[in-house]
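Number of protein chains: 2
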Amino acid sequence: MTASEAYAELVRRSKELGVLNSCAGVLNWDHQTYMPRNGGALRGEQMAFLASLSHQKFTDPKVGELLGTVEASDLVRNPESDAGANVRELRRGYDRATKIPQALVEELARVTTQAQQVWEQAKKKNDYPSFRPLLEQVVKLKREEANAVGFKEHPYNALIEEYEPGTTVAELKTLFAGLTAELAPLVRKIVASPKQPDKSVLEREFPVDRQKVFAEAAAVAIGFDFHSGRLDTTAHPFCSGFGPGDCRITTRYNPRFFNEAFFGVLHETGHAMYEQNLPTDHFGTPLGVACSFGIHESQSRLWENQVGRGRPFWDHFYPRLQQTFPSALTDVSKEAFYFAINDVRPSLIRVEADEATYNLHIALRFELELALLSGDLTTGDLPGAWAERFEALLGLKVPDDARGCLQDIHWSFGGIGYFPTYTLGNLYAAQLMDAVRREFGDGIEEDFRRGDFTRLKGWLNQHVHRHGQRYRAGELCQRATGAPLSPKPFLSYLNEKFSALYGVC
Amino acid sequence: MTASEAYAELVRRSKELGVLNSCAGVLNWDHQTYMPRNGGALRGEQMAFLASLSHQKFTDPKVGELLGTVEASDLVRNPESDAGANVRELRRGYDRATKIPQALVEELARVTTQAQQVWEQAKKKNDYPSFRPLLEQVVKLKREEANAVGFKEHPYNALIEEYEPGTTVAELKTLFAGLTAELAPLVRKIVASPKQPDKSVLEREFPVDRQKVFAEAAAVAIGFDFHSGRLDTTAHPFCSGFGPGDCRITTRYNPRFFNEAFFGVLHETGHAMYEQNLPTDHFGTPLGVACSFGIHESQSRLWENQVGRGRPFWDHFYPRLQQTFPSALTDVSKEAFYFAINDVRPSLIRVEADEATYNLHIALRFELELALLSGDLTTGDLPGAWAERFEALLGLKVPDDARGCLQDIHWSFGGIGYFPTYTLGNLYAAQLMDAVRREFGDGIEEDFRRGDFTRLKGWLNQHVHRHGQRYRAGELCQRATGAPLSPKPFLSYLNEKFSALYGVC
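Chains as they are written, first to last, in UniProt numbering: chain D, 1 to 505; chain X, 1 to 505.
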């Protein structure tokens with residue numbers, strides 16, 4: 001078999017896996033949206049069947065042989081050619097999938113399924129001790145996973161590679177140190193400011209049916225293609241791109257709080273526009289898959305915050321919003337509304353945090369999961385460490401574990417290494433937007449004031465979406481923005497925005 | 001490998017196929033209900049992948065070996081034991097799937113996909129000549145399929161076996177002869193009666209949201225489990241049982257015609273209650289699958305017509321219906337409504353036909369597809385033969401092919417042999433209901449007047465649903481009703497009901 005033939009066969013297998021995995025995507029979406037209550041057991045069997053088939057096909061030794069044949073050829077000389085990038089990423093996935101022993105895969109599946117159930121109850125009952133033994137097992141198994149995969153310097157490097165290939169603990173430590181050094185004082189100044197928004201205007205009556213119409217119109221305006229996607233309602237909002245022509249997003253509506261559904265829809269629309277603009281021809285291969293979790297999050301945060309919490313966006317949308325919710329907003333000025341949606345206030349819950357405090361929540365989790373994994377922190381000491389560090393970073397006392405170390409689902413499903421991608425997303429979003437502003441100048445905000453988001457969307461299509469996994473996140477950032485990732489654009493953005501709003505400097 | 005081991009392995013494989021095929025069920029449901037327009041291409045790839053995998057697993061020669069091992073043992077001595085029935089039906093499926101050459105399977109898939117598209121346009125444009133060459137190919141390929149499968153007496157026997165195993169052309173001819181001999185004169189008498197219903201009361205304003213609430217409540221009352229199913233809206237109503245705990249039905253609402261959604265929901269609920277009450281433990285094996293298309297249709301027709309178009313049902317529901325649609329029905333008496341929903345009138349379209357004329361539509365199709373398959377009728381002569389026989393059977397001139405031989409989708413997808421199962425369903429429904437009445441006497445109608453359908457549902461669970469494919473349809477009928485299938489109970493039911501309503505005898 002020639003290298004070209006081997007590569008063609010790899011692509012064929014990869015595309016077949018893409019189709020197979022997209023079936024699981026549809027089943028999972030249905031599970032979250034419309035499946036009747038008693039359908040859960042069958043759905044579990046369906047998902048297990050598809051996952052096992054997918055794993056079996058992907059770890060077939062033949063895949064290893066094909067990779068070896070292509071790697072020994074000139075086809076991959078340029079790591080950013082089609083073959084170069086596809087083989088690089090398939091090799092990463094194949095090695096990871098084949099290095100982890102089947103027994104460990106099964107044990108992880110078993111323990112994390114149980115851990116998620118126990119976590120849900122423990123959170124409800126504020127009962128960390130009931131969750132602790134499960135977390136202990138998860139940490140132990142993730143350590144074994146890291147050892148099986150192999151790593152340099154810190155086992156965490158093996159775990160973050162699953163979400164953000166190419167990123168290291170050392171880089172993240174530098175990023176977070178730079179961030180917290182500036183964020184903590186900024187937040188303190190904001191909190192101390194006498195000028196404060198009236199957030200209560202967002203907690204008036206916002207009828208759900210009108211929220212839906214308004215949010216869908218905004219999603220269309222920024223570029224979501226409803227002929228290639230849908231918006232539904234679920235308890236936990238998500239975006240699921242099945243493949244070309246079909247990407248589904250969800251949100252949840254709170255009739256007494258405007259932000260929840262609306263900014264959720266902008267966020268998921270950001271994710272969805274990435275999925276809807278991946279190169280169709282490469283569907284099923286790495287070139288048709290989003291670059292990394294951090295870059296994916298940059299797309300959601302860019303539309304949610306950089307655009308959706310910006311003045312020009314509301315210059316266009318606020319009159320429409322007032323028309324849609326006259327009884328709630330007739331007496332609220334655009335400026336008062338804009339200030340309210342940009343309320344900065346240290347709070348206990350990550351998913352409710354504002355732009356300025358959000359990354360402090362992540363810094364805390366990054367620190368603690370590093371320590372858990374290395375063994376410097378025991379699961380028994382976690383609640384105390386959480387409370388201590390939370391107060392140091394955010395200035396608040398943690399009243400209970402439910403609003404402390406039990407608040408997030410991630411550790412229960414084994415997602416150690418996932419949290420930093422949220423912060424990476426925020427930083428990439430700011431750096432991308434900074435590059436857009438440099439390219440288009442004030443014109444881009446004039447676009448927004450007219451309700452025209454096509455140039456921004458086109459730029460993101462061009463510099464981010466169409467590349468799939470051709471470049472690793474760092475390289476993509478360098479090419480799109482002319483510089484490696486830095487916290488500076490994000491910090492400048494925050495300082496500029498909130499200094500003006502709160503009258504601090 | 002012992003016979004017991006072989007049987008266990010067969011069951012394991014069959015259950016795995018059940019799970020695999022249920023994934024395709026979910027994808028197909030989503031396709032009909034919520035899939036965005038541009039998702040069609042990917043959905044086609046997903047369905048093709050799953051279908052091909054299913055075919056490959058089912059026709060694996062190992063399955064043939066396992067079947068052979070079990071068949072040579074005592075395990076199948078009793079053909080109605082678990083192993084006896086499962087192996088009998090798996091063998092039938094395996095032989096059928098392996099006897100048809102792969103090239104023919106692919107050609108049939110190709111031609112019928114194209115034929116359905118062409119048919120849809122041809123029907124819209126009343127253009128039979130554009131469809132004729134495709135139908136010609138379908139008939140030719142179905143003839144080849146019959147030859148590959150093998151048959152006695154008539155190739156049609158090989159085709160009907162796919163839908164109604166054990167039934168033959170000879171039996172069907174006798175049934176249809178008996179039916180038409182009595183139906184045609186009954187319909188003539190009804191048409192000539194001076195007493196006629198005012199059907200226009202059903203064509204008033206019936207707001208869709210209220211129709212939905214009313215239909216869902218009726219579905220619950222007769223026994224649909226909404227925790228194990230859903231009701232959604234589609235262009236073409238259907239029922240899809242994915243497996244234990246998840247069966248979905250759909251309907252379509254016409255704001256100016258009550259019957260369409262309501263009787264559609266009763267019909268699909270009848271199908272769904274069969275699916276929801278198949279034995280869960282046998283899911284994926286023949287014992288967990290409905291007996292035949294005819295028996296399935298008996299369940300939908302029983303609830304739609306025998307129950308839902310009966311007086312006792314409306315003794316309970318009509319006051320509720322008037323409350324739900326006061327402006328449409330306040331001035332309509334229960335008797336006038338009951339007469340209206342039992343309007344008998346020869347009409348051109350099968351799916352709109354009443355209980356008395358419906359089977360004449362099927363008799364026509366059975367006659368014509370027999371002749372097409374045997375070569376006694378050419379596709380060129382089909383429209384003329386249709387018009388001639390339609391007038392003879394139903395007394396109406398066919399104005400065009402769109403309302404003639406182009407009205408049904410079945411031939412375009414290769415479903416020659418399918419139509420008779422509709423009539424079998426009507427006959428089984430009447431015979432089952434006759435047995436129920438013999439068992440419970442007038443008590444069963446007293447149940448209905450109270451809105452209590454549990455005894456009827458329980459009887460069907462006991463005598464039909466729980467058996468899966470343990471018995472062939474004929475044997476199931478014999479056991480449930482004490483007699484082989486006969487058109488008599490159906491004809492008695494019709495004569496009694498409509499003689500009284502129309503004052504004819």
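These are computed hints drawn from the structure, not numbers from a lab.
Treat the hints loosely; a few may be bogus.
A pair counts as met if it fits within one copy or between any two copies, since identical chains are not told apart.
As the list claims (entries may be wrong) - Taking lysine-lysine pairs in the DSSO-like style, the calculated list, with each CA pair at most 30 Å apart, reads:
| id | residue 1 | residue 2 |
| --- | --- | --- |
| 1 | 124 | 397 |
| 2 | 124 | 152 |
| 3 | 152 | 15 |
| 4 | 334 | 62 |
| 5 | 173 | 212 |
| 6 | 497 | 189 |
| 7 | 195 | 497 |
| 8 | 123 | 457 |
Here is how each hint holds up against the structure:
Proximity of residue 124 and residue 397 under a CA criterion of 30 Å is satisfied intra-copy only: 20 Å inside one chain copy versus 70 Å between copies. For the identical chains of this complex, residue 124 and residue 152 are neighbours neither inside a copy (39 Å) nor across copies (67 Å), given an alpha-carbon limit of 30 Å. Proximity of residue 152 and residue 15 under a CA criterion of 30 Å is satisfied in neither setting, with 32 Å inside one chain copy and 45 Å between copies. Taking CA atoms no more than 30 Å apart as the test, residue 334 paired with residue 62 passes in neither setting, with 62 Å inside one copy and 72 Å between copies.
In this homomeric assembly, residue 173 and residue 212 never come within 30 Å of each other (Cα to Cα): the closest approach is 41 Å inside a single copy and 57 Å across copies. In this assembly of identical chains, residue 497 and residue 189 lie within 30 Å of each other by CA distance solely inside one copy; the values are 13 Å within and 85 Å between copies. Proximity of residue 195 and residue 497 under a CA criterion of 30 Å is satisfied intra-copy only: 14 Å inside one chain copy versus 81 Å between copies. Taking CA atoms no more than 30 Å apart as the test, residue 123 paired with residue 457 passes in neither setting, with 39 Å inside one copy and 43 Å between copies.
Violated hints for the displayed structure, listed by number in ascending order: 2, 3, 4, 5, 8.
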